[in-house]
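Residue strings, one per chain:
Protein chains: 2
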Amino acid sequence: MKATAKANANIALIKYWGKRDEALILPYNSSISMTCDAMETITTVEFSENYDTDTAIINDEELSSDQKRVYDHIGMIRKMAGIKEKAKIVSESNFPLAAGLASSASGFAALTVAAVAAAGLKLPEKELSIIARQGSGSACRSILGGFVEWKKGSKSSDSYAEQIAGKDYWKDFRMIATIVKEGRKAISSRSGMSQTVKNSPYYSGWLSSIEEDLNRMREAIRSRDFASAGSIAEYNALKMHCTMMTSKPPIMYWKPATVEIMNAVMAWREDLESYFTMDAGPNVKVMCMKKDEKELCQRLSELEGVVKTISCAPGSGAALSQKHLFD
Amino acid sequence: MKATAKANANIALIKYWGKRDEALILPYNSSISMTCDAMETITTVEFSENYDTDTAIINDEELSSDQKRVYDHIGMIRKMAGIKEKAKIVSESNFPLAAGLASSASGFAALTVAAVAAAGLKLPEKELSIIARQGSGSACRSILGGFVEWKKGSKSSDSYAEQIAGKDYWKDFRMIATIVKEGRKAISSRSGMSQTVKNSPYYSGWLSSIEEDLNRMREAIRSRDFASAGSIAEYNALKMHCTMMTSKPPIMYWKPATVEIMNAVMAWREDLESYFTMDAGPNVKVMCMKKDEKELCQRLSELEGVVKTISCAPGSGAALSQKHLFD
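As given, the protein sequences belong to chains A and B, one line each in that order. Numbering-wise (the numbering used here), the first sequence opens with residue -12 and increments by one. Numbering-wise (the numbering used here), the second sequence opens with residue -12 and increments by one.
Among these hints, one or two may not hold up.
Using 30 Å as the maximum straight-line C-alpha spacing, the simulated DSBU-like pairs for lysine-lysine come out as follows [claimed, not checked]: (1) A/Lys281 with B/Lys235; (2) A/Lys235 with B/Lys235; (3) A/Lys235 with B/Lys66; (4) A/Lys66 with A/Lys(-11); (5) A/Lys113 with A/Lys73; (6) B/Lys55 with A/Lys185; (7) A/Lys139 with B/Lys235; (8) B/Lys138 with A/Lys138; (9) B/Lys158 with B/Lys185; (10) A/Lys6 with A/Lys138; (11) B/Lys109 with B/Lys185; (12) B/Lys235 with A/Lys277; (13) A/Lys278 with B/Lys235; (14) A/Lys235 with B/Lys278; (15) A/Lys(-11) with A/Lys73; (16) B/Lys281 with A/Lys235; (17) A/Lys(-11) with A/Lys109; (18) B/Lys55 with B/Lys310; (19) B/Lys138 with B/Lys6; (20) A/Lys235 with B/Lys6; (21) B/Lys310 with A/Lys168; (22) B/Lys158 with B/Lys278; (23) B/Lys168 with A/Lys295; (24) B/Lys55 with B/Lys185; (25) A/Lys235 with B/Lys139; (26) B/Lys55 with A/Lys235; (27) A/Lys295 with A/Lys277; (28) A/Lys168 with B/Lys295; (29) B/Lys310 with A/Lys235; (30) A/Lys235 with A/Lys138; (31) A/Lys71 with A/Lys(-11); (32) B/Lys(-11) with B/Lys310; (33) B/Lys281 with A/Lys158; (34) A/Lys185 with B/Lys277; (35) A/Lys6 with B/Lys278; (36) A/Lys235 with B/Lys138; (37) B/Lys142 with B/Lys158.
Everything labelled a hint here was simulated from the structure, so no lab data went into it.
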């Protein structure tokens, strides 16, 4: 009744933005991501009669009972397994939370894999992806390694992630996450997304242009075309942020450092090919090829607003681990 | 055959963005602006047989003959007047050029009024506005004072500016232009605009939501409703920039200081009501009421990226002046 799982974060190249079903977390559009090896969450779940209530300790802090998402997720898995025991959950991430760094993606992927195993179930990746999705949409992509597409599907049972290419297919691809000054986000992705869908006059343009982005990105990954993958990802991220900034009231995740990095990356491109992407937060992720990784990290660290860089290669799918976080 | 005119710059509250006719400068949408008293261009034009070619000296620099817009404009007015003499043009602005501070608006408004008078014509404001428009679209608004609407019209003869309210109607309205670090823009408004219309998936959303912005802004001006005017202007500016950032390749006018000001204005709003707007450049203009002007200018000056602030009240329409810039 106890299991531990690891999952890498993933950074979307084509963003998930907008839920057509809030309860089941079904998206308006498919999305494509890279699973990122250097950003990881480890989660141990134990179901036991010794526990009176579910408790979760995330990065050494106990989750309050009103942070319902984690407890709802455990409750759903408990119900699937037909068990009654309460759970203790301990989770640790090696990167900052709630900074648009996909902590909920790796978190819910690891939680899903650990809890399913602890509850005594054995499920294929597809089912794990569907369960993880209901905790946090983008978590369904962190079940798989390499380059991954979350198909929007037509209902819950066909809205899950599939691998486009494994982690060894395009080993030279790098995603460098930067942590910027004042990098904690002001508004959750959930509420940002929901407001955007409701009232941005640009959301319909987001949806009508997304299939082209998806098609071009799949093709860029398959043919390992970095210029194409990078520029489509950059364009797609700008489109996402522009739906937020044009909702009412405007949602602005960018900080001065965000724009400093964006401008720098565009200016460097003449002699160092890199592209940026941003999620629902002020931090910027910069894509480059392995040959430019060291130089790019150096240049990024020298920018005024950059506190830290985390360089990632394509990572592995979520997996069980033998080493538990508590006895 | 010599005349001098002054014109104030204007800052759009609802932006002009996109030309349906590049040659005649007919816009896809109507726009609304405030004429700004503290930003002024003075221009002297003389037609004389003593000149062999047209020459223009703008802020002490001679315009090269490939900067055709000014010379084309003079040529058009010369033709209208049926004269043959070449012109000498001297123009001075009291604020930085090509920084998204509407220097071409005040410049072409002053040039139009001076050249028309120097050519011996007397024309009503409507005709001056139509002529100014063909030099630089937004210049048609600087012919008039106070709050002004440029009606998109259906052809050249009905696409001109009209006053919504005179400069004394809403005396407490303030527009504070900030000059930021690295404030010169990288790409001209003309090419930015044209690329956006061509390939941003959000341009149709810009157009479909513009009538609502225009209606609400007219009403906000008439009822002197600052919260409404400010928030609509802010929203409209974000929408404009978002059409640029989502064109291919993305056009990014913002600098770190741009976002620093935007974030600061939003955060201050709890105790100091102000709103921002930006044109095709990195500088930010901040709107407030007169009672908050001093405090706001103080706070803006303390921001790291702000080099200078210029505080404007509603200004006058373009007018002839007796004092020439050259003998």
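Each hint, compared with the structure:
1. A/Lys281 with B/Lys235: 29 Å, holds
2. A/Lys235 with B/Lys235: Roughly 25 Å between the alpha carbons, so the hint for A/Lys235 and B/Lys235 holds.
3. A/Lys235 with B/Lys66: 49 Å, violated
4. A/Lys66 with A/Lys(-11): Measuring from Cα to Cα gives roughly 16 Å; hence the hint holds.
5. A/Lys113 with A/Lys73: Distance ~26 Å between A/Lys113 and A/Lys73 Cα, so the pair holds.
6. B/Lys55 with A/Lys185: Answer violated: B/Lys55 to A/Lys185 is near 46 Å, above 30 Å.
7. A/Lys139 with B/Lys235: Holds. A/Lys139 to B/Lys235 sits at ~26 Å (cutoff 30 Å).
8. B/Lys138 with A/Lys138: 46 Å, violated
9. B/Lys158 with B/Lys185: Outside the cut-off at roughly 39 Å; violated.
10. A/Lys6 with A/Lys138: 13 Å, holds
11. B/Lys109 with B/Lys185: 39 Å, violated
12. B/Lys235 with A/Lys277: 26 Å, holds
13. A/Lys278 with B/Lys235: 27 Å, holds
14. A/Lys235 with B/Lys278: With a Cα-Cα distance of about 27 Å, the restraint between A/Lys235 and B/Lys278 holds, given a limit of 30 Å.
15. A/Lys(-11) with A/Lys73: The hint holds at about 12 Å.
16. B/Lys281 with A/Lys235: Between B/Lys281 and A/Lys235 the Cα gap is close to 29 Å, so the pair holds against 30 Å.
17. A/Lys(-11) with A/Lys109: Cα-Cα ~14 Å, so holds.
18. B/Lys55 with B/Lys310: Holds, at about 27 Å.
19. B/Lys138 with B/Lys6: It holds: about 13 Å lies between the C-alpha atoms, which stays within 30 Å.
20. A/Lys235 with B/Lys6: The given pair, whose Cα atoms are some 27 Å apart, holds under the 30 Å limit.
21. B/Lys310 with A/Lys168: 52 Å, violated
22. B/Lys158 with B/Lys278: Within the cut-off at roughly 11 Å; holds.
23. B/Lys168 with A/Lys295: Holds, at roughly 25 Å.
24. B/Lys55 with B/Lys185: The hint holds at about 24 Å.
25. A/Lys235 with B/Lys139: 26 Å, holds
26. B/Lys55 with A/Lys235: Distance ~41 Å between B/Lys55 and A/Lys235 Cα, so the pair is violated.
27. A/Lys295 with A/Lys277: 19 Å, holds
28. A/Lys168 with B/Lys295: 25 Å, holds
29. B/Lys310 with A/Lys235: Judged against 30 Å, a Cα distance of about 49 Å means the pair is violated.
30. A/Lys235 with A/Lys138: 29 Å, holds
31. A/Lys71 with A/Lys(-11): The hint holds at about 14 Å.
32. B/Lys(-11) with B/Lys310: Between B/Lys(-11) and B/Lys310 the Cα gap is close to 11 Å, so the pair holds against 30 Å.
33. B/Lys281 with A/Lys158: 57 Å, violated
34. A/Lys185 with B/Lys277: 35 Å, violated
35. A/Lys6 with B/Lys278: 44 Å, violated
36. A/Lys235 with B/Lys138: 26 Å, holds
37. B/Lys142 with B/Lys158: 34 Å, violated
Checked against the numbered hints given earlier, the structure breaks hints 3, 6, 8, 9, 11, 21, 26, 29, 33, 34, 35 and 37 and satisfies all the rest.
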